[in-house]
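Chemist: Sequence:
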Amino acid sequence: MKLLIAALAAAVLAAPAAHAEQLPPPVPAKRVFESPDLNGPRARGVKLSPDGRSVTYIKVRADDLTVTDLWIADVAGGEPRMLIDGKRLAPEARELSEAEKARRERAGVATRGVVDYEWDSQGRLILAPVEGDLYIYDLGSGQVRRLTRTPGDEIDAKVSPKGSFVSYVRDDDLYVTPAAGGAERALTQGGTELKSWGTAEFIAQEEMDRHTGYWWSPDEARIAVAHVDQTGVDIVERPEVGATGAKVVAQRYPRVGRPNAVVTLYVQDVATGARTKVDLGDDPDIYLARVDWSKDGRTLYVQRQSRDQRRLDLIAVDPATGKGRVILSETSPHWVDITDDFKPLSDGTFLWSSEKSGFRHLYLHRADGRLIRQVTKGAWPVAELRGVDEARGVAIFTANRDLPIERRLYEVSYRAPAEPRALTPAGGWWSAEVARAGGAFVGTFEAPQTPPQTALYRADGTRVRWIEENRLAEGHPFHPYAARLRTPEYGTIKAADGSPLWWSLRTPPGFDPAKKHPVIVQVYGGPGSARVTRGWQNPEDQILLDAGYILFKLDNRGTPNRSTAFKTAIDRKLGQLEVDDQIAGAQFLKTLPYVDPERIGVTGWSYGGYMTLLLLTAPDSPFKAGVAGAPVTDWTLYDTHYTERFMGTPKDNPEGYERSEVVRRLDRLPAGSLLLIHGMADDNVTFDHATRVMFDLQARGVPFETMVYPGLRHRGGWTPMNRLHRAMQTLEFFDRKLR
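Those letters in the sequence shown? Residues -20 to -1, 1 to 719, per mature numbering (1 follows the signal peptide of the UniProt record, and there is no 0), in order.
Any given hint might turn out to be false.
[To be verified] Taking CB as the label site, the calculated pair distances span:
{"#": "1", "residue 1": "Ala347", "residue 2": "Ala226", "range": "55 to 65 Å"}
{"#": "2", "residue 1": "Lys336", "residue 2": "Arg719", "range": "50 to 60 Å"}
{"#": "3", "residue 1": "Ala462", "residue 2": "Gly25", "range": "25 to 35 Å"}
{"#": "4", "residue 1": "Lys336", "residue 2": "Gly212", "range": "32 to 42 Å"}
{"#": "5", "residue 1": "Pro131", "residue 2": "Leu351", "range": "19 to 29 Å"}
[Said to hold, decoys possible] Distance condition first, Cα-Cα at most 35 Å in a straight line; then the derived DSBU-like pairs of lysine-lysine:
{"#": "6", "residue 1": "Lys553", "residue 2": "Lys336"}
{"#": "7", "residue 1": "Lys570", "residue 2": "Lys496"}
{"#": "8", "residue 1": "Lys553", "residue 2": "Lys495"}
{"#": "9", "residue 1": "Lys27", "residue 2": "Lys138"}
{"#": "10", "residue 1": "Lys142", "residue 2": "Lys27"}
{"#": "11", "residue 1": "Lys275", "residue 2": "Lys257"}
{"#": "12", "residue 1": "Lys257", "residue 2": "Lys357"}
{"#": "13", "residue 1": "Lys138", "residue 2": "Lys81"}
{"#": "14", "residue 1": "Lys336", "residue 2": "Lys357"}
{"#": "15", "residue 1": "Lys27", "residue 2": "Lys67"}
{"#": "16", "residue 1": "Lys10", "residue 2": "Lys138"}
{"#": "17", "residue 1": "Lys275", "residue 2": "Lys323"}
{"#": "18", "residue 1": "Lys303", "residue 2": "Lys323"}
{"#": "19", "residue 1": "Lys27", "residue 2": "Lys257"}
{"#": "20", "residue 1": "Lys631", "residue 2": "Lys175"}
{"#": "21", "residue 1": "Lys553", "residue 2": "Lys717"}
{"#": "22", "residue 1": "Lys142", "residue 2": "Lys275"}
{"#": "23", "residue 1": "Lys138", "residue 2": "Lys67"}
Derived by calculation from the structure, the hints in this document are not laboratory data.
Backbone N, C-alpha and C define an ideal beta-carbon position, used for all residues, glycine too.
Can you build the whole structure from these sequences, using the hints too?
Modeler: This is the structure we're talking about:
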């Protein structure tokens, strides 16, 4: 580590002095949150048309950051064009149902207009939900027609596999209507908020990345549909404080160790309405993790996860009888993650990912679950199986194979042992959407000096055309400030167990290495999210950089893109090793000659807010001040699936829960060192997490600062001006504490 520090210091000291640099003025803070987006034009929700002739994507309007439209680009060339004008269809935001608000909150949707869409399998039409109603774009006529006009919201809308029907959930029942137009038909009846059909329960949406509760068979003859019974779930009464008043919301929230919703699964005949119950086993206290149909529609595959999440079963179900048998099981002494890597193939075999080797890798299995071969191997993890080209027999996946901080797209033969072949170059972070056949893909690349760029690529990785080049050149929204960008430094330090911990460090524009600078550590630290990546940085960070702060991030043990052992090191002890590793990062910062060791701050949101509180209250904390946003403060108040995965239950792990709790540590919080931020309508990390901290500090007379946001949830509802206010509140606090 000493050699690394010396090399870094030498490199920085060799940089030109600050006064030699000619820099443009700083980015005005308000401009960061105004239109057009400083990130430039970005393609989101990218999909290839079924015939491979065009690419569609969602794009934020240049004149309004709160509205998104649907665009299309022809593979043959030509300029992209708008297909559906979200602002024309929804000129004003409307009040959505609680179910739709919850879906958007869980999915992180922050705009209105076209926020989702789906192609039919023939490429004739595109279905788009807009502010609660459904619209269809007809590729033949080039016209948009409205499919529904109802008081309730149509949610989770889909086009049936052959394009004959549109399905959706409204008022907790599942409906279908002919795609060509005509009368709708209810496939289920009697759905209520407590006993609903076709929806994904809170836990599935928030923690399992499952946002649907029904699945069409390939021939359109059947639908697998979930029934969710929440009557046994505890009611958590939470105040929802808005700008003009408050109400008490009786939310069904399954807190750790308490009952979950009971989810059952049925196969329903679309024509007759006959319904067959799927046998999910004798224990109702399980998670319905994933549901898929075989290519021929003769088998329904169900992934069933045990309540303790140490077992994941793949069940092959006969849809005619509902009888099933377990054909594959994954077990772990820690936990088994749910993924979307299961891919049934036309010959009855399937691809599956497993961490049984110590890293997540792909495996090929027979229809009965027997292993045929391991497809990928090595001391690196597969990130996601993105697609399959069955004609060539290759799996296409993303992986952090070179470095944990970089991601690329690869292909590998699953028919015969082979080394993966990189389809994209190194040096940044790639994501991709792969065509249903042929292996073509839409890839998005970003790097510290490159905003996200999206293009269409052939199966061999050759670029066909740009979708959004988004080049940081004259005319780009960020170009006037580009000279203020400094490429981050990257490196590693060692954790107590010898694990290398990756960090990134960004210095402010006009950086003078001969001076001592304040540092803000930006922390998340929780499972499932790595923050040190060789990617484009949020322009919001430029506010702090332009104010003269060094920004530092470190990925502690428990974060992804590494080995299974690295990820599971935190098992049953949240808030312990993560804190040790972040403090090691702060001690490393203190050794740098240009860091003022007495002016190190920390900030984070959600798990990062929890970490901020833990770091401020650690014995002999190196942190002078912290801004904690929407922090978890007591894991007994959080939900079942997330908390029990890493902590078990309070009954099984009392010591772990006691050590992870925040309030018991607050006697070590220095007076005036905390700014606590929370949305007053948060239905994920509920507001009582914050009030516990407020009450304890007030009861002991310890000064601290608070900023609360009426009507705002954990992610949803934050307008650009709300975000500006939060950013400026954070800057103002750190300026007082660290200057």
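Chemist: Would you mind marking each hint as holding or not holding in the structure?
Modeler: Now for the hints, and whether the structure bears them out:
Taking the beta carbon of each, Ala347 and Ala226 are about 56 Å apart, inside 55 to 65 Å as hinted. Between Lys336 and Arg719 the CB atoms are about 52 Å apart, so this pair conforms to the stated range of 50 to 60 Å. Range check, Ala462 to Gly25: Cβ separation about 27 Å, and the 25 to 35 Å hint holds. Remark: the range hint 32 to 42 Å for Lys336 to Gly212 is upheld by a beta-carbon distance near 35 Å.
Checked against the given bound of 19 to 29 Å, the beta carbons of Pro131 and Leu351, roughly 53 Å apart, lie outside it. Proposed proximity of Lys553 and Lys336 is supported: the alpha carbons are some 22 Å apart, at most 35 Å. Annotation: proposed proximity of Lys570 to Lys496 holds, straight-line Cα distance about 11 Å (limit 35 Å). Distance check on the hinted pair: Lys553 and Lys495 sit about 39 Å apart at the alpha-carbon level, beyond 35 Å; violated.
In summary, the hint linking Lys27 to Lys138 is supported, as the alpha carbons are separated by about 15 Å, within the 35 Å threshold. Between Lys142 and Lys27 the alpha-carbon distance is near 18 Å, which keeps this suggested pair within the 35 Å criterion. Between Lys275 and Lys257 the alpha-carbon distance is near 21 Å, which keeps this suggested pair within the 35 Å criterion. For the suggested pair Lys257 and Lys357, the alpha carbons sit about 39 Å apart, so the restraint of at most 35 Å is broken.
At most 35 Å may separate the alpha-carbon atoms for a hinted pair to count; Lys138 and Lys81 meet this at roughly 18 Å. With a CA separation close to 11 Å, the supplied pair Lys336 and Lys357 stays within the 35 Å bound. Restraint check for Lys27 and Lys67: satisfied, since their Cα atoms lie roughly 21 Å apart, inside the 35 Å limit. Among the hinted pairs, Lys10 with Lys138 is inconsistent with the structure: their alpha-carbon atoms are about 39 Å apart, more than 35 Å.
A distance of roughly 10 Å separates the Cα atoms of Lys275 and Lys323; the hinted pair therefore holds under the 35 Å criterion. Between Lys303 and Lys323, the direct Cα distance comes to roughly 21 Å. Compliance with the 35 Å bound is thereby established for this hinted pair. Restraint check for Lys27 and Lys257: satisfied, since their Cα atoms lie roughly 34 Å apart, inside the 35 Å limit. A hinted pair counts as satisfied when its Cα atoms are at most 35 Å apart, and Lys631 with Lys175 qualifies at roughly 29 Å.
With a C-alpha separation of about 31 Å, the suggested pair Lys553 and Lys717 falls inside the 35 Å cut-off, and the hint holds. Only pairs whose Cα atoms come within 35 Å are accepted, and Lys142 paired with Lys275 is accepted, the gap being roughly 13 Å. Between Lys138 and Lys67 the alpha-carbon distance is near 22 Å, which keeps this suggested pair within the 35 Å criterion.
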